[in-house]
Each structure stands twice: as C-alpha cells, then as structure tokens.
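S.K.: Protein chains in written order, with the numbering used here: chain A, 13 to 215; chain B, 13 to 215.
The reader is advised that the hints may include incorrect statements.
Given that identical chains are not distinguished, each listed pair holds provided it fits within a single copy or across any two copies.
In the DSS-like style, the derived pairs of lysine-lysine whose C-alpha atoms are separated by at most 30 Å in a straight line are [unchecked claim]: (1) Lys65 / Lys53; (2) Lys207 / Lys51; (3) Lys37 / Lys56; (4) Lys41 / Lys51; (5) Lys41 / Lys207; (6) Lys53 / Lys37.
Since the hints were made in silico from the structure, they are not lab data.
Protein chains: 2
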Amino acid sequence: LTYSYLNQIRTAIDLLASLPLIGPKTATKLAFWIIEAPKSKVDKLLDTIRELKDSLEPCRQCFSLTVRGRQPCDICQDRSRQRSICVVESAMDVFHIESSGTYNGYYHVLQGLISPLEGIGPGELRIEELLQRLQKGNYDEVILALPPTVDGDMTSMYIAERIRERQLELTVTRLGFGLPVGSTIDYADSLTLAKALENRKPI
Amino acid sequence: LTYSYLNQIRTAIDLLASLPLIGPKTATKLAFWIIEAPKSKVDKLLDTIRELKDSLEPCRQCFSLTVRGRQPCDICQDRSRQRSICVVESAMDVFHIESSGTYNGYYHVLQGLISPLEGIGPGELRIEELLQRLQKGNYDEVILALPPTVDGDMTSMYIAERIRERQLELTVTRLGFGLPVGSTIDYADSLTLAKALENRKPI
Chain A
13 LTYSYLNQIR
23 TAIDLLASLP
33 LIGPKTATKL
43 AFWIIEAPKS
53 KVDKLLDTIR
63 ELKDSLEPCR
73 QCFSLTVRGR
83 QPCDICQDRS
93 RQRSICVVES
103 AMDVFHIESS
113 GTYNGYYHVL
123 QGLISPLEGI
133 GPGELRIEEL
143 LQRLQKGNYD
153 EVILALPPTV
163 DGDMTSMYIA
173 ERIRERQLEL
183 TVTRLGFGLP
193 VGSTIDYADS
203 LTLAKALENR
213 KPI
Chain B
13 LTYSYLNQIR
23 TAIDLLASLP
33 LIGPKTATKL
43 AFWIIEAPKS
53 KVDKLLDTIR
63 ELKDSLEPCR
73 QCFSLTVRGR
83 QPCDICQDRS
93 RQRSICVVES
103 AMDVFHIESS
113 GTYNGYYHVL
123 QGLISPLEGI
133 GPGELRIEEL
143 LQRLQKGNYD
153 EVILALPPTV
163 DGDMTSMYIA
173 ERIRERQLEL
183 TVTRLGFGLP
193 VGSTIDYADS
203 LTLAKALENR
213 KPI
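Could you put the whole structure together from the sequences, leaning on the hints where they help?
M.R.: Here you go:
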C-alpha cells in the first residue's frame with residue numbers, strides 16, 4: 013500500500029487476525045469499528061481488556077483463576093461444596109462448568125494435556141499437584157473432565173494409573189460420552205455413535 | 013455466577029461479543045486469551061487499538077481517513093491520479109479498493125446510504141459535498157461504487173439525478189454486476205444471474 017496510514021491499518025488488521033478465532037474479515041471489521049466508533053466505546057473496550065489482564069492470576073491450589081492476591085481462590089475456600097475434584101484442561105473449562113450450574117465440587121486445572129505430538133509430557137502439567145491434593149484425603153471422587161481426544165484419553169489414563177499406584181481410596185470417573193442433546197443422528201460421527209450405543213440406557 | 017471474578021469475566025465476554033462479527037464463542041476464547049497470553053502480547057494489542065483510534069481522522073475533502081492533522085488526505089493530495097471520483101459508502105471500502113490495486117483515481121465517502129427503513133435521508137450523507145467537488149470541474153468521471161442493494165440502488169439513482177440536474181460535463185457510471193470470479197452458476201442467486209446475462213460479452 014502506498015500510504016503510511018493504510019499500512020498502519022493493514023498492520024492492525026494483521027495483529028487482530030492473529031487472535032484466536034478471528035479471521036481476516038472479522039479483523040478488518042474490528043479495525044474499522046475501532047476507527048469509527050465513539051471514543052468512549054473504544055476506551056471502555058481498552059479498560060475492559062486491561063482490567064481483565066491485571067485483576068486475575070492463577071490459584072496456587074487448583075490453578076484455575078482468582079482475584080489477584082486472593083489465595084486460594086473462592087471455590088477452593090468454599091467449604092460448602094461436595095468433596096469431589098473435577099480435573100479439567102484449562103481455566104476456561106472451569107468457567108464453562110460454573111456457568112452451566114451443573115456441578116458443585118472443587119476443580120483442578122492441568123494447564124494442558126499430555127501430547128507426544130506437541131512434545132508435552134506429564135511433568136509439564138499440574139498432575140503432581142493434583143496427586144498431592146488427593147493424598148491429603150479430603151476428597152471422595154475424582155472426575156476426569158478431559159476432552160474425548162487422543163491427548164485427552166491419554167491424559168485420563170495416565171492420571172487414573174498414578175492414582176491407582178498410590179492406592180488412594182477414591183472413585184475415579186470420566187464424563188459420559190454420547191450424542192449431544194438436541195443433535196441429530198445423521199450428524200454424529202461414527203466414534204460418537206459407537207460411544208452412544210455403548211452407553212445406552214433402558215427407558 | 014456466584015463469584016465476582018467469574019462475573020467480571022462474563023461482563024468482559026458480553027462486551028467483546030457486542031463487537032461486529034464477534035459471537036459468544038469467539039468472545040469467550042478472546043477473554044481467556046487476554047487472561048492467559050503473555051503480558052507483552054496484550055500490551056501490544058492495547059497499544060495497537062489505542063494508536064489506531066488516536067492517529068486517524070476523517071479527511072475533510074473526501075471523508076475517507078487521514079493521519080490526524082494532515083488535511084486533505086494523501087490520496088486527495090496526489091496529483092498523479094486520474095481525474096475520476098469513486099463514490100463509496102464507507103472508509104473501509106476505500107481501504108479495500110486501495111488494497112486491491114485496481115483503481116488509481118480519487119474517492120468520496122458518503123458515510124452511509126439513503127435508507128428509508130432506517131430513516132436516513134440524503135441530507136445526512138456527504139452528497140452535497142460531493143456535488144460541490146464535482147462542480148469545481150476537476151473530474152471527468154464519477155464511478156458510483158455502492159452495493160447492489162435496495163439502499164445502494166436508491167442512493168446511486170439519487171446522486172445520478174442530482175448530477176444531471178446541475179448539467180455537469182461528467183460521465184457517471186456504476187460498477188458492473190455479474191458472477192463473482194471463481195464462483196459457480198449453481199450458487200448464484202437469480203438476480204445476480206439476471207444481471208450476469210444482461211451484461212454478457214462476446215468472447
């Protein structure tokens with residue numbers, strides 16, 4: 013592009029397009045929204061991003077998020093929850109499960125999954141910290157809520173094995189697999205269909 | 013949500029989801045990217061948004077964008093361009109056409125389209141400013157590059173009529189309509205197909 017200000021817009025679009033789930037079309041729309049929206053709205057966006065970045069940090073017990081300086085997090089401190097630990101890949105999963113209102117126990121965020129392809133071994137995840145929490149004996153159940161993928165399956169197997177080795181008195185479960193509610197049979201892939209048949213229930 | 017920090021994340025997601033082309037899924041991914049990305053990357057994003065907002069303003073001649081304080085814009089000041097004005101809806105259109113490298117004349121941004129449904133009349137657009145530019149007699153052609161929609165058609169007609177009234181010695185043209193290059197016949201809607209037939213050419 014011939015003019016410096018057009019190149020500035022192009023550079024901004026390229027940066028926006030590098031964010032997760034943002035393609036070039038959305039990045040362009042966003043850039044021109046930033047240019048043309050009232051200054052107060054753009055300031056509000058800037059403040060929201062800055063506050064989100066500055067006010068949270070990982071919980072040192074469950075590795076989900078907490079208000080900066082508040083350790084452990086509100087969920088870890090909540091004595092009214094049931095004595096189970098839900099093991100998830102990321103803090104975003106905790107947010108999803110809490111938003112759904114379907115679970116009332118504690119969490120442990122692995123901060124990733126075992127992945128030979130990406131060169132991520134168990135030592136890089138928060139598995140040792142999980143085992144230490146379990147060893148203290150405050151929990152009745154571990155729910156492995158990891159995705160039904162190669163990496164998720166491998167990580168679940170690995171954790172289940174480590175728990176068995178330590179002979180802890182704990183129920184270890186995984187999330188049930190099957191058809192998503194509201195979906196149709198013809199859209200289900202064959203693995204999901206196989207799991208759904210395997211997990212069939214009398215009505 | 014029970015905890016204030018989860019509500020803060022929820023509020024941030026809602027704000028991000030109010031941006032153009034951003035749905036709730038993308039907004040959630042973005043929020044957690046902001047929380048988990050290195051601080052330097054988030055600072056770069058904040059700086060990019062702030063600079064984009066602060067460094068540009070509308071050109072007072074063509075109503076496209078210019079570096080703040082540089083009036084008129086680089087394109088308006090470029091004496092080497094051909095003596096035509098391309099009339100577009102928004103500054104984003106100027107960016108697209110300049111990026112395509114297919115046009116080498118001047119621009120005029122209407123900042124919208126005539127739209128009875130949205131209550132936007134000709135007086136709210138930069139049509140009078142366009143006519144004044146044309147009246148000075150520096151141009152040979154006006155290219156109406158407005159979208160082939162009801163509002164775009166109406167706005168094109170209105171502008172063509174005002175130019176005719178003033179008896180200016182100018183060619184007034186519209187962009188050609190037809191099949192997008194690389195598209196297939198079976199995906200073309202019937203109006204596009206009708207236009208494509210009407211605009212057929214000997215080979």
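S.K.: Next step is simple, just say for each hint if it's right about the structure.
M.R.: Results of checking the hints against the structure:
Proximity of Lys65 and Lys53 under a CA criterion of 30 Å is satisfied in both settings, with 19 Å inside one chain copy and 11 Å between copies. In this assembly of identical chains, the alpha carbons of Lys207 and Lys51 never lie at most 30 Å apart, being 52 Å within a copy and 42 Å across copies at closest. In the homo-oligomer, the alpha carbons of Lys37 and Lys56 lie at most 30 Å apart both inside one protomer (23 Å) and across protomers (21 Å), since each shortest distance falls under that limit. Taking identical chains as interchangeable, the C-alpha atoms of Lys41 and Lys51 lie at most 30 Å apart whether they share a chain (17 Å) or sit on different chains (25 Å).
For a Cα distance limit of 30 Å, the shortest separation of Lys41 from Lys207 across copies, 28 Å, qualifies, whereas the shortest one inside one copy, 41 Å, does not. In the homo-oligomer, the alpha carbons of Lys53 and Lys37 lie at most 30 Å apart both inside one protomer (21 Å) and across protomers (21 Å), since each shortest distance falls under that limit.
Checked against the numbered hints above, the structure breaks only hint 2 and satisfies the rest.
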